[in-house]
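S.K.: Chains as they are written, first to last, in the numbering used here: chain P, 6 to 123; chain Z, 4 to 114.
I should point out that these hints are in silico values taken from the structure, not numbers from a laboratory. Since we're looking at a predicted model, the values are computed, not measured. Heads up, some of the hints might be wrong.
To be verified - Pairs of lysine to any residue, SDA-like flavour, derived with a Cα cap of 25 Å:
{"no.": "1", "chain 1": "Z", "residue 1": "4", "chain 2": "P", "residue 2": "13"}
{"no.": "2", "chain 1": "P", "residue 1": "19", "chain 2": "P", "residue 2": "121"}
{"no.": "3", "chain 1": "Z", "residue 1": "106", "chain 2": "P", "residue 2": "22"}
{"no.": "4", "chain 1": "Z", "residue 1": "4", "chain 2": "P", "residue 2": "14"}
{"no.": "5", "chain 1": "P", "residue 1": "19", "chain 2": "P", "residue 2": "42"}
{"no.": "6", "chain 1": "Z", "residue 1": "71", "chain 2": "P", "residue 2": "49"}
{"no.": "7", "chain 1": "Z", "residue 1": "106", "chain 2": "P", "residue 2": "19"}
{"no.": "8", "chain 1": "P", "residue 1": "14", "chain 2": "Z", "residue 2": "22"}
{"no.": "9", "chain 1": "Z", "residue 1": "57", "chain 2": "P", "residue 2": "19"}
{"no.": "10", "chain 1": "Z", "residue 1": "4", "chain 2": "P", "residue 2": "49"}
{"no.": "11", "chain 1": "P", "residue 1": "19", "chain 2": "Z", "residue 2": "44"}
{"no.": "12", "chain 1": "Z", "residue 1": "4", "chain 2": "P", "residue 2": "19"}
{"no.": "13", "chain 1": "P", "residue 1": "19", "chain 2": "P", "residue 2": "113"}
{"no.": "14", "chain 1": "Z", "residue 1": "57", "chain 2": "P", "residue 2": "83"}
{"no.": "15", "chain 1": "Z", "residue 1": "4", "chain 2": "Z", "residue 2": "22"}
{"no.": "16", "chain 1": "P", "residue 1": "19", "chain 2": "P", "residue 2": "100"}
{"no.": "17", "chain 1": "Z", "residue 1": "56", "chain 2": "Z", "residue 2": "22"}
{"no.": "18", "chain 1": "Z", "residue 1": "56", "chain 2": "P", "residue 2": "121"}
Claimed, not checked - If the Cβ cut is set under 7 Å, some of the chain P residues that face chain Z in the computed set are:
{"no.": "19", "residue": "15"}
{"no.": "20", "residue": "112"}
{"no.": "21", "residue": "117"}
Beta carbons are placed, not taken as given, at the ideal position from N, Cα and C, and that holds for glycine.
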Amino acid sequence: NAGVTQTPKFQVLKTGQSMTLQCAQDMNHEYMSWYRQDPGMGLRLIHYSVGAGITDQGEVPNGYNVSRSTTEDFPLRLLSAAPSQTSVYFCASSTRRQDLSSYNSPLHFGNGTRLTVT
Amino acid sequence: KNEVEQSPQNLTAQEGEFITINCSYSVGISALHWLQQHPGGGIVSLFMLSSGKKKHGRLIATINIQEKHSSLHITASHPRDSAVYICAVRSSGGGADGLTFGKGTHLIIQP
Numbered sequence: 006n007a008g009v010t011q012t013p014k015f016q017v018l019k020t021g022q023s024m025t026l027q028c029a030q031d032m033n034h035e036y037m038s039w040y041r042q043d044p045g046m047g048l049r050l051i052h053y054s055v056g057a058g059i060t061d062q063g064e065v066p067n068g069y070n071v072s073r074s075t076t077e078d079f080p081l082r083l084l085s086a087a088p089s090q091t092s093v094y095f096c097a098s099s100t101r102r103q104d105l106s107s108y109n110s111p112l113h114f115g116n117g118t119r120l121t122v123t
Numbered sequence: 004k005n006e007v008e009q010s011p012q013n014l015t016a017q018e019g020e021f022i023t024i025n026c027s028y029s030v031g032i033s034a035l036h037w038l039q040q041h042p043g044g045g046i047v048s049l050f051m052l053s054s055g056k057k058k059h060g061r062l063i064a065t066i067n068i069q070e071k072h073s074s075l076h077i078t079a080s081h082p083r084d085s086a087v088y089i090c091a092v093r094s095s096g097g098g099a100d101g102l103t104f105g106k107g108t109h110l111i112i113q114p
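Could you build the full structure based on these sequences and the hints that come with them?
M.R.: Structure below.
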């Protein structure tokens, strides 16, 4: 049971380069999201998806693209990297069915990608 | 947009102490999550609650909907509890889960 798998773990890019951060989940979750985490700030939503074929922008979408061709995969693309995109990126997934009677949360995170843009 | 405030920002305590971390939010929510982020960076969900209290092991989470406030308690704290604890609230709009996150409380438990 892998949960949410994020790759790569670390990446260094030069300004202007492009890359794709991969995210895959094997729990058949409908909801998937990408967040960035910067020092002194809470996690901020970049893009999200409520199901295959459906994506929408979050709080900080500029410079990023996403697609959701399957339920399992939700890649995040940086088209032309900028130093302001240096951050730690987290992918998360959850199910639409929220069982509030259980103690734990249905929210699952990947292990994060530490991206540096020089 | 919901504003989420956590206190304290940093907390250092001795092993065995009772720990309380607070979370306040500005508008009504449908659920509140408590998350734990270890020094290695991974984020783990601890609780999701919409009313009352939940307990798992040495962790207790409470929420007061009327006062828009939640607390996370750790009993008999241990150095392995050292981590950043993050509160997130789910309100309408704002993404698949509609989550707004606090900045986190950095907890250090000294032996």
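S.K.: Hint by hint, note whether the structure agrees.
M.R.: Comparing the hints with the structure gives:
| no. | hint | verdict |
| --- | --- | --- |
| 1 | Z:4 <-> P:13 | violated, 32 Å |
| 2 | P:19 <-> P:121 | holds, 8 Å |
| 3 | Z:106 <-> P:22 | violated, 30 Å |
| 4 | Z:4 <-> P:14 | violated, 31 Å |
| 5 | P:19 <-> P:42 | holds, 20 Å |
| 6 | Z:71 <-> P:49 | holds, 21 Å |
| 7 | Z:106 <-> P:19 | violated, 29 Å |
| 8 | P:14 <-> Z:22 | violated, 32 Å |
| 9 | Z:57 <-> P:19 | violated, 47 Å |
| 10 | Z:4 <-> P:49 | holds, 13 Å |
| 11 | P:19 <-> Z:44 | holds, 24 Å |
| 12 | Z:4 <-> P:19 | violated, 34 Å |
| 13 | P:19 <-> P:113 | violated, 31 Å |
| 14 | Z:57 <-> P:83 | violated, 40 Å |
| 15 | Z:4 <-> Z:22 | violated, 29 Å |
| 16 | P:19 <-> P:100 | violated, 36 Å |
| 17 | Z:56 <-> Z:22 | holds, 16 Å |
| 18 | Z:56 <-> P:121 | violated, 41 Å |
| 19 | 15 | violated, 11 Å |
| 20 | 112 | holds, 5 Å |
| 21 | 117 | holds, 5 Å |
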